[in-house]
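Fit chain W to the known structure of chain C by using the hints.
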Amino acid sequence: MGKNILKRIDLIFKEEDDFKKVLEKALQSTNTELINEMIASGLKGRGGAGFPTGLKWKLTSEAQSETKFVICNADEGEPGTFKDREILTRVPYKVLTGMALCGRIIGAKEGFIYLRHEYKYLVKELNKEIDRFHAVLDELGLDFRVKIFLGYGAYICGEESALFESMEGKRGEPRNKPPYPSDFGYLGKPTVINNVETLAHTFTIFQHGSSKFNELGVKDSYGSKLFSVSGDTPTPGIYELELGMTVEDFANDFGDGDTKAVQVGGASGFCVPRKKFRETHIGYQGKLVGISLPTGGSMMLFNSSRSMFNLLTNYLEFFTEESCGQCTPCRVGTQQLLEGSRAVKRGEKPAAYLDKLLALTETMKATAKCGLGQSVANSFQSIVENFREEMIY
Amino acid sequence: MDEIKTTVQNLVKKHGKSRENLLPVLQGVAEKERYVSEYAMTLIAEEMEISAADVFGTATFYSFMDTTQRGKFIIRICRTISCYMKGKNQILLALEEALKIKLGDTTPDKKFTLLETNCIGWCHKAPAMLINDEVYTELTVEKVHSIIAEYKQLS
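Protein chains in written order, with my numbering: chain C, 243 to 635; chain W, 35 to 189.
So here's chain C without its partners, still in its complex pose (with noise of 0.2 Å):
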């Protein structure tokens, strides 16, 4: 699939069904150990933000409280990203083996896995998976249980003070950062809450050293990742590859020949223009030259036959629907983002608009209350800056 011209990792989504091994293996060492081979790995958040994940499991074992908890967060909602859908399909144990072994280094004896409404068809084989694992745990001695918590469809649940208001019975609204989840996540405790796709990423650690996984990827960003490949492409699908790749590899592998712009981490992600293909990276601020852009991993093409405008305007439909509406910059910014947008392409507005709207979304980046509300203006100002006739004519 596609033209190989990026290397193909098969880290993921290997079988490697004896979990058991991972985990008595791992009993083996001491906490400090775990945590220490955690570091060395250089593993960074695969839900997009990139936060060490060494670092949070070292913060969450530092709190102090009786009950801590283990969350996978399994609810994947930024368009473009079908990833973890894929892990928890065909090799959730990797993931359970993550929770519980986290479970045991930070003392948390229970772990979640907030599922999005969505996915609701896969519970019945998760379950079944759950129970084989749990009955593996029993034998090993490990006092850790997982259940699954079902989300009804709200993408900002996806944020992860709004997943613990949401596993609490509110409604999914951010809450206001410090505290952390290290110190007060769900119900107030030290919480762990880690993507998917980071959890699968520390069973390989688990079981073959942080040097098995930091000999892929870059400097600062270490390791594979996968990618959800959708849009103008010969090959949509998911594949696994090393972080610090150029887009225009990305674009030569996986284009139709005639690919205009890549939108790189959804609709809250950035929207890259040809002309800058050469000089993005995709991985975690540091080492690279150029620009380097981190992602959830939704990569989405589109060829010259698309109009950035009808895009642009999708984006922020859905933000319009999606925001939560706590705070004013998000819940109005993408509002007027969408009407501010249609007005000047109906010539209701002046050209220059655009550069008012470009000033609301600095605005929305320094005021919105989430990670969510700071980034709905990226696609925004990525597709104006770049694509700007398309949006006036």
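Since the hints were derived computationally from the structure, they do not count as laboratory data. Since this is a predicted model, take the numbers as computed values, not measurements. By construction, the Cβ of each residue, glycine as well, lies at the ideal position given by its N, Cα and C atoms. Incorrect hints may appear among the rest.
Derived contacts from chain C toward chain W, CB cut-off under 8 Å, selection only [said to hold, decoys possible]:
#1 E258
#2 G319
#3 G322
#4 F324
#5 E360
#6 V378
#7 I390
#8 Y394
#9 G411
#10 R413
#11 D425
#12 K431
#13 S470
#14 S472
#15 G473
#16 P515
Simulated crosslink set (EDC-like; lysine to aspartate or glutamate; CA at most 20 Å straight-line) [as the list claims (entries may be wrong)]:
#17 K256/C - E581/C
#18 K262/C - D373/C
#19 K412/C - E484/C
#20 K48/W - E352/C
#21 K351/C - E54/W
#22 K366/C - D167/W
#23 K362/C - E72/W
#24 K412/C - E72/W
#25 K144/W - E168/W
#26 K412/C - D167/W
#27 K412/C - E168/W
#28 K412/C - E83/W
#29 K106/W - E81/W
#30 K389/C - E410/C
#31 K412/C - D88/W
Coordinates of chain W only, in the frame set by chain C:
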């Protein structure tokens, strides 16, 4: 005692009274009744000893939590970017034609409700839709007609 009341009482007994069980209780009612009425919300509030406003606030936040009566089969077609690019509008037209209703409506026999939803995570197999919890992908107009014909056979 009316049926909804029994349902609510059983669900609260099963999950527990504390607030963090509200979503599972609401989901239980939604599954049984296919929506959560305001009456059911007040019953839940009473049973869980929380304010009805809190129950209403939570119930109306989530897009899959239907608070108006729906059909037996709720069709949710994805309207987000990849499905939009791959022609979800054609699929929507085909659904409207097959069901003889408009987007947002329920058939008179209360069998089908037609809705749009945001990204359901099948972008590589767009366009996609859900019928209740079942996923249908790589839809074409022909496929839509045959899927709906099958559902029409079901009682």
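Here is how each hint holds up against the structure:
| no. | hint | in the structure |
| --- | --- | --- |
| 1 | E258 | violated, 25 Å |
| 2 | G319 | holds, 6 Å |
| 3 | G322 | holds, 5 Å |
| 4 | F324 | holds, 4 Å |
| 5 | E360 | holds, 4 Å |
| 6 | V378 | violated, 27 Å |
| 7 | I390 | violated, 10 Å |
| 8 | Y394 | holds, 4 Å |
| 9 | G411 | holds, 3 Å |
| 10 | R413 | holds, 4 Å |
| 11 | D425 | violated, 19 Å |
| 12 | K431 | violated, 12 Å |
| 13 | S470 | holds, 7 Å |
| 14 | S472 | holds, 4 Å |
| 15 | G473 | holds, 6 Å |
| 16 | P515 | violated, 17 Å |
| 17 | K256/C - E581/C | violated, 47 Å |
| 18 | K262/C - D373/C | holds, 14 Å |
| 19 | K412/C - E484/C | violated, 39 Å |
| 20 | K48/W - E352/C | holds, 19 Å |
| 21 | K351/C - E54/W | holds, 18 Å |
| 22 | K366/C - D167/W | holds, 12 Å |
| 23 | K362/C - E72/W | violated, 25 Å |
| 24 | K412/C - E72/W | holds, 17 Å |
| 25 | K144/W - E168/W | holds, 19 Å |
| 26 | K412/C - D167/W | violated, 23 Å |
| 27 | K412/C - E168/W | violated, 27 Å |
| 28 | K412/C - E83/W | holds, 15 Å |
| 29 | K106/W - E81/W | violated, 27 Å |
| 30 | K389/C - E410/C | holds, 15 Å |
| 31 | K412/C - D88/W | holds, 8 Å |
The structure is inconsistent with the numbered hints 1, 6, 7, 11, 12, 16, 17, 19, 23, 26, 27, 29, although it conforms to all the rest.
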